[in-house]
Structure formats: structure tokens, C-alpha cells
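What follows is the residue order along each chain.
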Amino acid sequence: MESALPVILVLVKVLLVIVAILTFVAYLTLLERKVLGWLQVRLGPNRVGPWGLLQPLADGAKLLLKEEITVSGANRIIYLAAPLIVVTCALVPFAVIPFAKGLGLESIFGQAAAKFDLNTGVVADLNVGILFIFAISSLGVYGVVLGGWASNSKYSLLGAIRAGAQMISYELGLSLSVLGVLLLAGTLSLVGIVEAQDSVWKWYVFRQPLGFILFLIAGSAEIARTPFDLMECENELVAGYQTEYSSMKFGLFYLGEYAHLLFLSALMTTLYFGGWQGPILPPIFWFLAKTFFFVFVFVWIRGTYPRLRYDRVMTFGWKVLLPVGLLNVMATAFVYTFWRQYMS
Amino acid sequence: MIQVPEINLGGILPALVLSLAGIFVMLMCLFMRKGAVPAAAIVSLAGILVAGAANSHLRFLNEQAFSGLISLDAYTWFFNLLILIAAGMTVLTSVKYLTDDELDLSEYFVLLLFSSAGMMFMVSANHLLTIFIGLETLSISIYVLAGILPANLKSKEAALKYLLLGAFSSAIFLYGAALLYGSAGSLGLPELSKYFQSGKIGQMAYIGMGMLLVGFAFKVAAVPFHMWTPDVYEGAPSPLTGFMSVGVKAAAFAAFVRVFFESLISIQVNWVDILWVLAVLTMILGNLAAIVQDNIKRMLAYSSIAHAGYILIGMIAGQEAGTSGILYYLLAYTFTNLGAFGVVALVGRKGEANVYLDDYRGLARTNPLLALAMSIFLFSLAGIPPTAGFVGKFTIFSAAIKQGYIWLVVIGVLTSAASVFYYFRVVMKMYMESPEAEPAKLQFGPAMLLALTIAASVVLYIGIFPTNYLNLAAQSVKPLF
Amino acid sequence: MENASFPLLSLITFIPLIGAILLLILNRESKTLLRWVALIFMLADFVVSIAALGWFDASSPNMQLVENRVWIADWGISYKLGIDGISLFLVLLTTLLGPIVVLASWEDIQTRVKEFLISLLILQVGMIGVFVSLDLFLFYVFWEVMLIPMYLLIGVWGNPARRLYAAIKFVLYTIVGSLLMLVAILALYFMAGQSTGTYTFDLLKLYDFAVPLKAQFWMFLAFFLAFAIKVPMFPFHTWLPDAHTEAPTVGSVVLAAVLLKMGTYGFIRFAIPLFPNAAADATWWICVLSVIGVIYGAWVAMVQVDVKRLVAFSSVSHLGFVMLGMFAFTSQGVEGSILQMINHGLSTGALFLIVGMIYERRHTRLIAEFGGLSKVMPLFAVFFMIFTLSSIGLPGLNGFVGEFLILLGTFKVYPVYAVLAASGVIFAAVYMLWMFQRVMFGKVTNPKNLGLPDLSAREVLVLVPILVFVVWIGVYPNTFLQPMAAPVKKFLSHVETKKTAVLNMEKAKKQTNVGQAEVAITSLPVENRR
Amino acid sequence: MLNSYLPVLVILLVSAFIGLAIIVLSTVLARRTPTRIKLMPYECGMDPIGSARRRFSVRFFIMGMLFIVFDIELIFMFPWAALYDKLMFFGFVEMLVFVLVLMVGLVYVWKKGALEWE
Amino acid sequence: MITLQHYLFLAAALFTLGAVGVMFRRNLIVILMSLELMLNAVNLTFIAFSRYLGSIEGQIFVLFIMVVAAAEVAVGLAIAVAVYRQRGTVDINQVNLMKW
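Residue numbers (the working numbering), protein chains in the order written: chain A, 1 to 344; chain B, 1001 to 1481; chain C, 2001 to 2530; chain D, 3001 to 3118; chain E, 4001 to 4100.
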């Protein structure tokens, strides 16, 4: 019992987080449709439940009951594993996102909470948090590419390859834009980064404006949101790598996508907007508020911008994002040095 | 505040200059429309000369730099010089090759410079990490270089095979390094040396040493780790093959000798037997296999395997005599083999169409000077006086005899007698056989002419008056002992 | 030993090299000019070597005209030259043959004259160098240097049919032996260096070093192999008939006259004085091999249908005599053997020239193709006759003196071998005269032989100098024997004293430390020996 | 230290389990009536032509290669950034050299047209 | 408890696996992957030792190995693509213009 206790506690914490994420994701779909509806001056889902609040459940049930088709000529195992990979890689990174300062528990089962290091507002406070995130999200590309490849369909394959190329290209920009923040914070731990932004003017969005913009762009390309959703653009590639997926396997891709969106927003909050830091109200509130604000921003962008051309996307990633990102890092480093040397 | 590590840019200046020259050539040629190859060659040569000048002060140093990662001593100086010579000669022999084939490959020179810089790091390394980095810098550049010929299947194949086996051997080398690290707690050569002197040597360290040895054996192409050599040498562009056979071998041997004589000398009894077997196998197989080749590049590849065997004799003999013998041997071999491959490149002509022994028939009739030069190189390879190759073999054999390895030397001389057969066969083709069609009169081009003249005259000169160069070699190995 | 005031020997050695370099820059088309240049340099070399006689003290047993310069100091390698009565005439023989071969090739060689002459000149350098060098390293270098031009001579200008085979066979045989000799040289060098403290390749200093018995055996074996191949002794002779037959006339001449002597010279200068005990132990089987060589060479020569091949096998036979005389270790035997080297060089060289001359006329060397040539070419017949008789050993000509001395010297110690070898003289008479008869006498059976021109002035000029010496040696051998006497005596006494010294040393060693004898014998570091 | 990775392992297992559970659930619940045409890969309603696993543009490979190289270079920048406080000017110069070399590579790739999509 | 030996054993197993893959697999890409596996096994060994010995040297080595591995794979991939475009196969047994 003594040794199993931490595991159980962790399990509880993890389950809580996961359930929360899944719920958020479910309602994220509704949110997006609603917001898009309003943006396009229509109502959006409004039949199932009041204001369509039960719509996600209905969607889920529908997907669950749909006939499952495994396309002929597909590589079954990989075909099946791909959505799993996508979902897992979308959920796991949440482990390092600090959602609150602490859980505020005094004791657990009569034991000092601190003993298990469980009182933190994060599932796992890794000292290499950022690296962990990039590592896991790189793995996510496998899900996409393998799924497309295993489908034995030309559209799937093309979509998957496009997706893969785009994701890896923008991953560079993403990592590069984060570097500025890391440099200023002096740590790779997200908890540490959040703790460093203890007042509004210390939010990194103000110290790293260029970095933030780069992060926003690279981030939306990374999760393949409009205007970067080339990999599944209906008019060229049907549904990209998901073309041959149906039923809940498709649902998992879908889940993964929205989990990614949520994650990116949370990460943005953490890195640039002080995470759970905020006055008066409990940290968890601030965290969620900021996160959902960014979710809204992403939806807003989707409703506003047209889709880009693929070659432009790729060219932009390599020819603009990468050099500018490098420049940003070096400039940050230089200014920081200068500032530390002469200003303080 | 972290203490700023010790930085001694002056010590790595030669490699630095080469890298910068490489970068410069790369950028320059990007923005040039035409005539990039000659321009790149000239700039590369200039870079090599400057690096040579920057290298000269190392001769009188005997210190370590970068917190013990790098040794700056006469040994480094000697090998740096050797590498620069090899690189310079290769640039000279390559120009015509590239322009003749209308290959707009200025990257060729860039990679050449980078790989030379890698070699320099490797030879100056005082730490397995530096060896590894140098090794990989040179290897990766050479992988690409080997496959650089567009639309040439053999070239691609050569690159592929070299890469696969090169990476494989690197992995083995690294695993050995990891095991040594686990045993000794550090990978600096002095620390390893201390560990091996301590007498409490674990089983793991021996395994690590063995794997290190295998890794090096791969790089120097010692039998039975030579499988890649003939294919790679055959497929790669001829001037580059010369560079590989000389530069890579020299760098690999430099590191090999430094590691084994600086760190592992106290367990010499454990590796000298292995080397003995390797050397014998290498000499025998290299020479015998060379006899049956009909492609001259392949033949020279096997010959270079055989020469690795002779150099291994120098390692087995050890001491200052043996190691300085290696240095002299490599010096002689550098000029000889680069010259030989220069001739091969020239005779091969466009697309390396003429790389078979029969293409050398009657060469002496139409190109007497070329044939003469090739003969000198071949005699030197065979170890016939008064060429440098003879003095090289002589030094190594004498060192081995001094240590009592009579049988090893007997095997060595018998195999080199066998080698005479295939070297002289080329001479025979050139001078004594008449071709079906009269071979074309070949245009040297100034660079190639210069390269071959230098190579041939140096081979003769240091063969007849070896004293200074032997002294040089002897002084250069002093830091190891 | 002091340096000679004037580097005469260097001059003799390197004059041909200067000629070769000069030829290198001359236009290849003007063949006559090239030939003249080569001839002039060869002649100059000969003249200088004659001049060397003026400085030569015939009564001294020591090395003379010594030049000693440091070459590779760290290893004790020096550029040391010198001659004594033994090598004097070999050098002279070489320089004498120089202009003769150039003259002989005047019309024979028409293709790639420039390269041919250069090869010839470099070959000359190598040969003279071997005879004059007194440093083992230097000696080895010259030894190998002459390999390449000879290889080219056979391979490029040889008989098209099998020249490549013959050339490579020549090279491989030679190099195997010489490389093993190199190993022995190195072993000797280190052994001497370790026990005396001075590392040197200087031959005269190494003479004084007593090599332990067991090491002597191996080293002598290595030297023996190198020299025996060169001599060639039975059974290492198989390269010789091929090389001779396929080589151009001039090549055969040089090969027979000088190159083979390098083997016998090697024994007398290097192998025996350095390793006297091993040489003494080896005497019986070397004598057996020599006798076999004498008889076997004669028998095989008898059945040859090709004149050149016949002469080639006669060389095997003759050199058997030389070896036999040398290993008798009597002053007559050794002197005779040295003289016989010169004799063989002169007469066999001349015979090859003769064969070359008829070959130039008829493009065949088969005995059956000829017959009755004496009627068509009387002058030719005279020369041929004299050289044939010289080769047989007719009294009054050179061959007799040499063979007589050898048999005399051998008979004193090994009567059986002497008797057996004497039969070789008889066989020689049989096959030579039989051949001569078939070629020269009788009716002119082959119509092609009818219109053959007699010797030209040039050809006479080629043969006359040899003839002069053939007769000179035959009639008044003292001119040649006298300078040999002192060095041969010294050679023999050196061998004797050193032999006993080594034996005493071994004995002392056994007595003092039986257990360590093994270690001391080789005096090499044992811990790493394999 | 390993303890801090325990939650990561747990969350990994949980997420994978959830994904798997959902798939199994849908397999159990859904009804299946497969037909040949239904199982055909989608190609705008036509029968598929040829194999789907064909060669595709080499550009994607180039992208992959470039990514590997640049991504690994970035790895070096993470510890650098995290420790920048302690490195300061020295670190800046070092990284500047590094980035310049990187940029040379980028310029090379750019000029060689490896980044163009036409 | 997981000890150093466990890591070493795992690494050795992976290394062997990779080596066997390099030697016996025919698909070029698989061979490249096997090479990566070998290098990563080495990395694991280094890390384990580094942790065990409490010395940072091994970790630094690992960083360099990663970089080199990446470069090697990039070049390997490039060459593989080049071979594939010319030969239409990535089967190593069919890339045999020259005898091994």
C-alpha cells in the first residue's frame, strides 16, 4: 500500500485531467461550430438540447455506432494504430502543462501531500518540459503519415505526406520561437516559466512579441488549422490522410485534432501569458480563461482567413519563419546580455 | 556565471581556415554562374596554403588545448601537413577531372575542405570525443563526395556502401568508446592511459578496446574489415579515391596510433597479437586479391588495403622507430598514391571510361611522360629503390626486425614481392603491349601537370635523400612517448 | 679509411646517369645522335675506369679509392664506395661492355631508341654501383635499381612472343630473393648494432662482427637465396633461359656478362665474409648444387635446338664452376673463380653478340636453319670459332686459365667434386663444338643463308676488344691474377679467423651460461619475438 | 528523479487505453455489412487506378532531410537557452558562430532551389 | 530495482539487434533504421554510465552522437533517394554493379 499509494494518486490526477480534456474537447467542437456560425451569421447547432448543448454527445454516439470500414488493401495494424498514436500524442503533452499553482491539499490519506510531490498544479513537473512537448508532438507526425500511408488510397497518401512535410517544417519554427522564452526564463520547465511571469508586465508576450507571433503562426500550421489546413483541404485532397477513416477511428483523429488545438492554446497561455497567474480569482480560472480565449482566437482565425497555397506555406516556413526565428533568438540573446551587463 | 572555457583558436587555426575557406567557396560558387570550378579550386588552394602557414607553429608546441580535447604538438603538425598536402594535391588533380566532365560541382571542393578539416581534428584529438567528431566530419563529407557524380550509378553505389559500412563501423567504435567510458570514467586519452596503467582493468574495458580496434580497422581498411574498400574506391571519382586512400587512411592511422600508443600502451601485449593477425591477413589478402583485378582503381584499392597491412607492421613494432616509420610511410604513400590516382583520373578521361588495365596498353608510346610518372608511382608502391616507397617499407620493416618480428617481416617482404607482379603488370601494359587502337594523346592541363610533377619528383627526392624526412617523422612522434 | 682525394668511383658510377639525363631531354627522333651520345658516355665511363687503374695499388689487399659520405646519419647509412682486386675487374668488365653493347644495338634496336638507351645507361649505373658499394643499404639500392631497366629491356625490346612472361618471371624471381636478403640485412644491422653499440650498414665494419651461429644460418640462407637466384644456381635457374632467350641481344649480353656476376660477386663480397661459419657448413650442399648445375647445364645445353638457349644453358654450367671454385676456399679456387667470372662475361657475352649477329641476318636462331656458314661468312666464322673455343676452355684462351685454376683449387680439397665438374668441361666441348659444326660447317643447306653478308666494320669493332682480352687473359693471366692475389688471401684469412672467432665465442657462451645460450645466439629481444 | 516520469507513464497508458477502448467499443457496437465496393479506396467514385503506394515528389524527401538536420541543430540551442544566464556574452558569441554556419547552410539550400515547390 | 546492468543489457541487446539488422536486412531504409538503433544503443550506454559515474562527459558525447546520427541519416537518405531514382529499388542486394 505504501508503495502503491503514489501510483494511485497519480492515476487519480491523470484521470481527472484526461476527463477534463476530453470534456473540453467535446465542447470545443460545439464551440467552434457555434462561433463559426455566428461569424457567418447563422446559428450553428441548436437542435440537440438547449443551444445545442448536447450536440457533442450526439456526435459521439453517432460516430460510435457508424459502420466500421477497413479499406481493402490497407495495412491493418498500422491503419488501426495511426489514430491511436495521434490521440495519445495529443493527450500526453498535457502532462507537463501547469494548470494551477497547487492543488491546495493539506494531506492525502493522512500522509503529507508534499511527500508524494503531488500537490502541484501539474501532472508531471519535468525539468525538460518543453523538450518533452516537442518530442511527443514530433511523434504525432507518425500517426498522420502512417495513417495516410496505411490507407492504400492516393488521397490519403498525398495528404499524409503533405501533412508530414508541413508539420516538420513548422515544428522548426515552433521550437525556434519558443527559444526566446526559454532564454529569458532560464529553464525548460513549464512550471518554472509560469512562475517567472508573476506579474503582467513580465508576461513574455511583451518581451517576446515577435516570438509570440511566430509561435502563433507556426502553432496554427503545426496543428493544421486554417489557413494551414492543406493536408485535408476538401477541394484538393478530399479529407487528406483521414479520407479512408470512418466511424470512431475517424473520431479519434478528430479528437486528436481538437486536443491539439486545446493544447496549443494552453501552451501559449503558459509560455506567453503567465499561465495560471492572475489576480484575485483562483489560478485554475485564469488558466482556463486564457486558454479558451486562444481557442476562440484560433476559431476566429479560421472563420476569417482563406486557405493558403501549399507551396506558399512551405516556402514561408523555410524562408521566413526559420530565418526570422533565428534572428529573434539571437536578438533576444544580445539584448538580454546587454541589458544584464549594463542595466542591472 | 560559467567560467569561459579555455579557447585556443590559434591551435585549431589550420582546420578553422579550411572550414572558413570551405564556407567561402560554397557561398562564392552559389552566386557564380560560370567558371565556378576553377575559381573554387583556386580559392581552395589559397585556403590550403594559408592553413599550411597557420599550421607551422604547431611544430614547436607541446600542449593541450580546449580543456584537453586537443593536442597541439609535432605529431599533430605532421599529420596536419600531410592532410594539407593531400588536399592540395587532390584539388590540383580534380580540376581537370571536373571540367572535362563538364561537372559544375564546386561543392566538390567545399566538401574536400570540410573533410580535411575533419581529418585535422581527428589527428589532433586528445579525447575520443574529438576523434569521433573529426572522424564523422570527414566521413560524412566523403560519403557525399563519393556519390557526387550525377548520373553515375557506380558513384552512387560507392557512396551508399561507404555510408552503410562507415556508419556501422562508427557505431562499433562508439560502443567501444562507451564501454571504455564506463570503465575509465572519462574519454580523455591521458585519463584512459592512467586507467590502463592502474592495473585494475575490467573485462568491459578489454571489450571496449577490442571494439575500438575494430572501428579503426574498418577505417584503415584492414582485413577482414576491408569489404567496402574496393567497391568504394572503384565507384568514387578517381581524384577523390586518391584522397580517400591517402587522407582518410592517414587520419585514421594518426588517431589509431595516438589512441593505442598514448592510452593503451600499457596493455600492448593484449592488442599487439590482434594487430599481428590483422596485418598478416591484410598483407596477404590485399596483395593476392589485387593480382586478379582488371580494373585499375580496384587494383589500387586492394593495393591500398595491402599498404594498410604494412603500416600495421609499424604499429606492431611500436616504439619510436615503428611509429615514425608509419609517419614516413604515410608521407611517401601520400605522394605516391595521389600521383597514381591523378594518372588514373587523367587516363580515365570523360566519365571514367578507361579505368581498365587494358586501357593502359601502349600508353608509353603516346604519353611517355605520363607513363614515366605512373611507373615511378608504381615502383614506389612496390617498394623499389630509389623511390620513397622503398624507404618507407625499409623503415617499417627495420623497426619490426629490431623488435624481433622476423616472421612478420618475412611475410611482409614475400607479399610485397607478390605485389610486384601486379604493379609491374601495369608498367608492362604501358611499355610493352600494343593496343588495338593507338591511345589518345592526353592533355594534362596546368594543374594536373603541376600535381604529377610534384608527386613524381617528391617520390624520387625523398626516396634518395630521406634523411631530413626521417628525422622529421622521428621528431613528430616524440610527443607520443 | 680516408676519403679518396677525387671521387673517381662516384664518377665511374654516375657518368652513365648523366648520359641518361641528357638523353631524356634530347629529341627522340634523331636516333643517331642519341646513339652517339650514349656511346660517348659509355666510352667516357670506360676511359675513366681505365684511369682508375692508375690510382689502383695492385699489391694492396685493402679497399681503395674509398669514398665515404654520410647519407642517412641516424641509421648509420653511408654512401661508401671502394674497390679492391676482386671488384676491380668486374667494374672494368662492366665499363668495357658498356660501349660494346651500345655499338651492338646500333642497328638491332630501331624502336624507341631513346628509352632503350636510357635503360641501358641506368642499368650500367646499377651494375657498377653494386660492384663498388661498401654499404649494405647502398648495395641493396643499386641491386634493386638495376632490376627495372633490365625488366624493361627484356619486356619492351625482347622477342615479342614470350617477352612479357620472361620479364615478369625475371623480376619476381629476383625480387623474392632480394627482399629476403633485405630482411637479413636488417637483422644483421640490428644484431650488430645491439651488441656493438654502433648501428651501421658499413660492410667493412660488419665484417668484424661475429654473428652467432644460428643467426648466421638464417641470414646466410636469405643471402644465398638472393644471390643463388641471380647466379643462377641449380635449381633456381629456371628464369634464366627464358630471360636470355626472350631478351634482345644486348640484353642477353649484359645479363650474361654482368648481371649473373652480381650473384657470384655477392657471395664473395657479402655472404661468405659476413657469415663464414654458415658458408662453411653450407659448402657441401652448395658444391653439390654447383656440380649438378655444371652437369645439368651441359646436358640440357646439348639438346637445345636454339643457339641462344644453348648459350644460356652453358652459362648455368659455367657459373657452376665459379661457385665450386669459390666454395673450395683455396686461393687457386677463389682466384680462378673470380677470373672465371670475367672470362664468362667476356666469352659468353661475345657468344651472345655473335648469336645476335646471325639473328639480325636471318631472324632465326634455330641450329637446323643454318649450316655451312663458314663459307659464306669467313670473318664471322673466325670470331665465332675463337669465342667458342674460349668458352670451352681451350688452353691459350681465357676460359682455360679460369677453369684450370678452379679445378686445381677444388681438387685439393674436394677431389670428387673436381672430377665430376671436370666432366662438365668435356660436355662443354661436346655441345659447343657440335653446335659450331652444325652451324658453320658442311654444305650450305639452306638457300637463305647463301647471300648473308659478312661482318660489318661496326660488328668487328664490337668483337675485337673482347677478343683482345680473351687472348690476353689466356696468354698472360698474371696481369689479372696479380691484383687478385692479395685480396683473395685476405678474404681467405678473414674467413678463417672469423670462423674460429665465432666458434670460440659460441663455446665460451655455452660454458658460461648454457641456459641462456638460446637468447644469446640471436641476441634479439625475445619478449616480442615471433 | 525517475518519479517525476511516473505520471508521464501513467498518462501515456491512460490515453492509449482510452483510444483503444473507443475503437473496441465502436467495433462492438457498430453493425457491419462490408461489400467490395464499400471497401474500395476512394477515388471520386471511380475504380482506383493503379497502386496507391507510388513514388512521390522527391521534394518531400528533401524536406525530411532538411528537417532532420535543422531540428538536431536546434537541440543544441535548448540547453544553451536554458543556461544562457550563466553563459552570457561567451554563449552569445558561440551561438552566433553556430547560427551563422546554420544560416550558410540555409542560404545554400535556398540558392540551390531545394526550398522551391515548382 | 533497475540497476546499471539492466541498462547495459538493454543497450547491448539493442546494439546487437541493430547490428544484425544492418547485416541481414535488405531494405536500405531498414538498414538505416538499424544503424540508428545501434547508435541509440550507444547513447543509452553512455547515459547509463554517465548517470552511474556521475560525470557529465557521457551526456555531452550523446549530444554529439545524436547530431552525427542525424547528419548520417540525412546523407544516407539522400543517397538512398538518389539510388532509388536511378535504380528503382532500395533493395541492397540489387545495388550490385560492383561485386562486394
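Simulated from the structure, these hints should not be mistaken for laboratory data.
Just so you know, not all the hints are guaranteed correct.
What the hints assert, rightly or not - Listed next, the stretches of chain C that the computed footprint assigns to chain B, with coverage defined by at least 3 CB atoms under 8 angstroms from CB atoms of chain B:
(1) 2149 to 2163
(2) 2174 to 2188
(3) 2276 to 2289
Backbone N, C-alpha and C define an ideal beta-carbon position, used for all residues, glycine too.
Hint-by-hint comparison with the structure:
1. 2149 to 2163: With 5 residues in contact (Cβ-Cβ under 8 angstroms with chain B), the coverage given for the segment 2149 to 2163 of chain C holds.
2. 2174 to 2188: Coverage by chain B holds here, the residue count being 8 at a Cβ distance below 8 angstroms.
3. 2276 to 2289: violated (count 0)
In summary, the structure is inconsistent with hint 3 from the numbered list given earlier, while agreeing with all the others.
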